[in-house]
Amino acid sequence: MNTWLLSILIFSPLLGVLVLIFTPSHDERSIKWIGILGTLFPLGTAIVTLSAFNMSGGGLQLTERFQWVSYEVFQSKGEVSYPILYEVGVNGLSMVLILLTAVVSVLAAIASFSIKQNWKSYFILFFLLEMGMLGVFAAQNLFLFFIFFEITLIPMFFLIGRWGYLEKEKAAYSFLIYNGVGSAILLIAFVAMFMKTGTMNFEQLAYTFALPQSELNQMLITKNFKMGMLIALLVAFAVKLPVAPLHSWMVRVHVQAPPPVVMIHSGILLKIGAYGLIVFGAGLFPDQFRSLAFIVGLFGVINLLYGAFLAITQTDVKRVLAYSSVSHMGIVLIGLAAVNEAGMTGAVFQVVSHGLISALLFFLVGVLYERAGSSELRTFGGVAKRMPIFAGVMLAGGLASLGLPGMSGFISEFMAFLGLFEEMPILAAVGTLGLILTAVYVLRAVLSITFGAEKELPNAYDLSPTERIPAFALLAAILFIGIYPAWLSDMLRPTLDAILLGLGG
Amino acid sequence: MDLDTLLSFEWGVMAPEFIILGVATLLSIIDLFMKRESSRKPLAWMAGAGVLAALVSIFLQLDHEVTSILYDTYRLDSFSKAFKILLLLGTLLVLVLASNYKKEDLEENRGEFYYLLLAALLGAMMMASSADLITLFVGLELLSLASYIMAGLERKNKRSNESAFKYVVSGGIATAITLFGMSYVFGLTGETNLFKIAENMGEVELLKHGFLLVFAFIITFAGLTFKIAAAPLHMWAPDVYEGAPVPVTAFLSVVSKIAGFVIMLRFIIITFIAAAGIDGDPLLLQVQPYIMALAAATMIIGNVTALRQRNIKRMFAYSSIAQAGYILVPFVSNSSLLFELIWFYLLAYLFMNIGAFTVIQLLTSQERSNDVSVFRGLYRRSPWLAVPMTFFLLSLAGIPVTAGFIGKFGIFMGALGLQPAHYWLAAVMMATTLVSYVYYFNIIAIMFFRDEEEAKVSVPPGMAAVLAFCTASILILGVMPDLALDFFYGNFDVNEFFMRIEDEVHTHTH
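Going down the list, the protein sequences come from chains A and B. Taken in order, the first sequence gives residues 1 to 505; the numbers are from our numbering. Taken in order, the second sequence gives residues 1 to 510; the numbers are from our numbering.
Hints should not be assumed to be uniformly reliable.
List time: in silico BS3-like cross-link candidates among lysine-lysine, alpha-carbon distance up to 30 angstroms [said to hold, decoys possible]:
| # | chain 1 | residue 1 | chain 2 | residue 2 |
| --- | --- | --- | --- | --- |
| 1 | B | Lys102 | A | Lys120 |
| 2 | B | Lys35 | B | Lys81 |
| 3 | A | Lys116 | B | Lys102 |
| 4 | B | Lys456 | B | Lys41 |
| 5 | B | Lys41 | B | Lys196 |
| 6 | A | Lys223 | A | Lys170 |
| 7 | A | Lys120 | A | Lys226 |
| 8 | B | Lys156 | A | Lys170 |
| 9 | A | Lys32 | B | Lys81 |
| 10 | B | Lys81 | B | Lys156 |
| 11 | B | Lys102 | B | Lys166 |
| 12 | B | Lys196 | B | Lys35 |
Across the chosen pairs, the derived CB separations fall in these ranges [as the list claims (entries may be wrong)]:
| # | chain 1 | residue 1 | chain 2 | residue 2 | range |
| --- | --- | --- | --- | --- | --- |
| 13 | A | Ile21 | B | Val56 | 55 to 61 angstroms |
| 14 | B | Pro383 | A | Glu64 | 30 to 36 angstroms |
| 15 | A | Ser30 | B | Pro383 | 31 to 37 angstroms |
| 16 | A | Ser25 | B | Leu307 | 48 to 54 angstroms |
| 17 | B | Tyr423 | A | Ser25 | 43 to 49 angstroms |
| 18 | B | Glu367 | A | Thr466 | 42 to 48 angstroms |
| 19 | B | Val387 | A | Glu456 | 44 to 50 angstroms |
| 20 | A | Thr466 | B | Ala455 | 50 to 56 angstroms |
| 21 | B | Tyr423 | A | Trp487 | 43 to 49 angstroms |
| 22 | A | Ile426 | B | Leu307 | 43 to 49 angstroms |
| 23 | B | Tyr423 | A | Leu447 | 48 to 54 angstroms |
| 24 | B | Gly172 | A | Ile21 | 50 to 56 angstroms |
Worth flagging that the hints you see were computed from the coordinates, not collected in a lab. Given the structure is predicted, the values throughout are model-derived calculations rather than measurements. Glycine is no exception: its CB is placed at the ideal position from the N, C-alpha and C atoms.
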């Protein structure tokens, strides 16, 4: 296959940007169509990439690399060059996340009908955001990863701050600053690793750090250095995930940002945190990660319980879902902390599954807000009567979220806990309380909206045909993974095996 | 020195300086014969042509070998060429700003701005090319004196007068401090030639006076921080930047700052590289904590104080203080990347700061206000101003895909690359960068999130060209930094900086 495939994929959203720049801004109809078509093109390329991807093959595929930035460094030990390359490639894990990105982006673009103004700049930023996300998952070195990571920040800042709700600017700022802290720590860690090892490539870094300590001593890489790097990386991605004390920005973003942007944010951007934890945390420093596993697990359980507990007390559906995201990201940590196959698989499944479920639920909340102009729980009741399809999809989404067997949420929670029970049974037992709390808040929110006494709702019409596309597509994907998880796990297995091999599990 | 000796020098290597000198003299004469009320725009064009010609002559010199005339008071080496390109490029862009500068209450046509600007540029270029304390100092003074007058060019504007006065007074103090430090260096080594000073530094006699040398270093360095507007002598910048006309502010914040770094590199690196400090340990290692503290203080003061500013010119003054702090970081780590890191960052800084000042000039002169609210709803009013400004701000904040990010990344590499790695300094730099997000993105938020129906901003073609050029440069260098790095490595050899030319080469042959 064409080796340029991945680069075409990453930069494919730019085509939409180009077309939009030359479209007059008053031509709203064309802009909306370009907005949707512009995300279909990356999806098409992603599917081509998937067909070129060898499912059973391990390691990196479709790699591209060439020289990019070169500083010539002369040191006392002779000339040492620190080449920075452009390196992209995919393995099973990143392939899955790229697909998720492409799919959720299309659906979020369709869901963007709720945006009321400035379509042109909205979609330009939307495409840039998609490019950043695709790049993050395809990047194979620290430099490139960081650049795409930061590229996602700027469009998000604008999308929240310009198209969000009442307190949009505050939300945009808190998004920027919290994530800025994360990337600041990330950058220091990345540069420090680069200067010690002379490489930025993930595989080479993993190889270097796995060398015996006697060889590492020559490169001045101590155990403390490795531990320090791991902690820096964990903290940086903990902001992104987010982990409990660092989550306030994320709740604010989920409440204030426009629904399609929240779909992207909760569906994919949070997953960058999980991806980073897996690739950099467990992938680069397996020994150190193992020794910190209990702390990771502890934070996972805290996230799970704390998020669930707060979700129960909320009166606004958006807040319920935001805290539910905090809670569900705890399961990712729980799976990672198990450091065994079941746990890892559970964590990755949770990433994908929560990406789909939260995109679906936030989409539905966006629809509700569109109809009622509010997302307070008490405004709604008995919606099922006037909007049966909507209520059905919402109930299904809720059930998936609380982990009903047959849906994607079940597999991931089951696997993650299975993994943790093997390693830390007590912690896992405490964690299972969270599953009960999840059932409580999901059912409380969903049922009080769909059933009960019918309340006055001015525009209570059911899902329109355009609204049905994202709703049904996401639901179908959730069910597909729930019923046939092997499709996903086959794709992930070689990657996870490689990471587990490093972890010695 | 007799006539033969004088003629034996290879004067051709000074072509860029001669061009600037000639054009400046010519302009001052033409200005005298021009009618009082006629426009001085032609002078701007001539000055621009002169700078351009000087720039071309430097490019023609690129392959020229290291040459020294007038006993090392004038050197043509890679260092001088690399940094003169920056100085000339910056001045060229400032000239475009100046020729489009309109102020309602400025009824006179001021021609002297242009030849003062060229005189200042000449001083800066001499600093880049000199390896002697005397000529370095003369260059510094030429730059300073011309700048003082330029800051006070708006005679009827109280602010401008105040700014010029403050600049003169604090500049005088800084000069005194610098000279005081240099006098120690001269006293200890008995030489004014930098290479001879460096040679004498190694003498055993001096080992006893390590303390004095360290003292000399500290004093001179502190005095030189004035020009780059870094701690401890940064306090003039906000007042002067605020009061001076925008093109002058742009000049001070870019060209004058580059010149400050040039003299720092020349003086400090050549003379002190092998010097021994207290107890005979390497001096540059001993003063590392001092430079580190200054760099950290500059970054913190600049970024934190900028948060509170409502006046856009003051905000950019503090921003430029902070930027100077970032560029001081390579001095601490003093790695072999020193020159290219500083060169690249200054190149990026030139484009982003002059670009930003172009937008500031357009807005402040149209709205007759320096408040940050002049940016209100700019995206709605003039998207073609708002989008470039956003890129300039992103670059100043060090966000990827801009040249500012590559520059900062390089500085990080330098700071973390050597043993011991300067984690604390890197952390301070990163933390203050984060603080800078707040005020840079505040401008972005004002431009994009606050809608206001106000008049469009008219952009003269010259200014539009500067904006386009700066934006394109920032993005191209951000995506393909190798364009600049390859140019640097291909044409400039850092080792020439330390290469001493034997005097005999230039003594006359009868």
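Consistency of the hints with the structure:
1. A distance of roughly 35 angstroms separates the Cα atoms of Lys102 of chain B and Lys120 of chain A; the hinted pair therefore is violated under the 30 angstroms criterion.
2. Straight-line distance between C-alpha atoms of Lys35 of chain B and Lys81 of chain B comes to about 38 angstroms, which puts the hinted pair past the 30 angstroms bound.
3. Distance restraint check for Lys116 of chain A and Lys102 of chain B: the Cα-Cα separation of roughly 40 angstroms exceeds the 30 angstroms cut-off, and the hinted pair is therefore not satisfied.
4. Between the alpha carbons of Lys456 of chain B and Lys41 of chain B the distance comes to roughly 25 angstroms, so the proposed pair stays at or under 30 angstroms and holds.
5. Distance hint between Lys41 of chain B and Lys196 of chain B is unfulfilled; the C-alpha atoms sit about 46 angstroms from each other, more than 30 angstroms.
6. The hinted pair formed by Lys223 of chain A and Lys170 of chain A fails the criterion: a straight-line CA distance of about 41 angstroms is larger than 30 angstroms.
7. Of the pairs offered as hints, the one joining Lys120 of chain A and Lys226 of chain A is violated, with about 46 angstroms between alpha carbons and a cut-off of 30 angstroms exceeded.
8. With a CA separation close to 42 angstroms, the supplied pair Lys156 of chain B and Lys170 of chain A exceeds the 30 angstroms bound.
9. The suggested pairing of Lys32 of chain A with Lys81 of chain B is violated, with an alpha-carbon distance near 52 angstroms, which exceeds 30 angstroms.
10. With a CA separation close to 39 angstroms, the supplied pair Lys81 of chain B and Lys156 of chain B exceeds the 30 angstroms bound.
11. Taken as a hint, the Lys102 of chain B and Lys166 of chain B pair is honoured in the structure, with Cα atoms around 24 angstroms apart against an allowance of 30 angstroms.
12. With a C-alpha separation of about 52 angstroms, the suggested pairing of Lys196 of chain B with Lys35 of chain B is violated against the 30 angstroms cut-off.
13. In this structure, Ile21 of chain A and Val56 of chain B break the distance hint of 55 to 61 angstroms, their C-beta atoms being roughly 35 angstroms apart.
14. For Pro383 of chain B and Glu64 of chain A, the hinted distance range of 30 to 36 angstroms is satisfied, since their beta carbons lie about 35 angstroms from each other.
15. Checked against the hint of 31 to 37 angstroms, the pair Ser30 of chain A and Pro383 of chain B fails, with Cβ atoms roughly 19 angstroms apart.
16. For the pair Ser25 of chain A and Leu307 of chain B, the beta carbons lie near 34 angstroms from each other, so the given range of 48 to 54 angstroms is not met.
17. Taking the beta carbon of each, Tyr423 of chain B and Ser25 of chain A are about 48 angstroms apart, inside 43 to 49 angstroms as hinted.
18. At about 44 angstroms, the beta-carbon gap between Glu367 of chain B and Thr466 of chain A stays in the expected band of 42 to 48 angstroms.
19. For Val387 of chain B paired with Glu456 of chain A, a C-beta distance near 45 angstroms keeps the hint of 44 to 50 angstroms intact.
20. Evaluation of the 50 to 56 angstroms hint for Thr466 of chain A and Ala455 of chain B yields a failure: the beta carbon distance comes to about 40 angstroms.
21. Taking the beta carbon of each, Tyr423 of chain B and Trp487 of chain A are about 45 angstroms apart, inside 43 to 49 angstroms as hinted.
22. As the Cβ distance of Ile426 of chain A to Leu307 of chain B is approximately 47 angstroms, the hint placing it in 43 to 49 angstroms holds.
23. For the pair Tyr423 of chain B and Leu447 of chain A, the supplied restraint of 48 to 54 angstroms holds, since their beta-carbon distance comes to about 53 angstroms.
24. For Gly172 of chain B paired with Ile21 of chain A, a C-beta distance near 53 angstroms keeps the hint of 50 to 56 angstroms intact.
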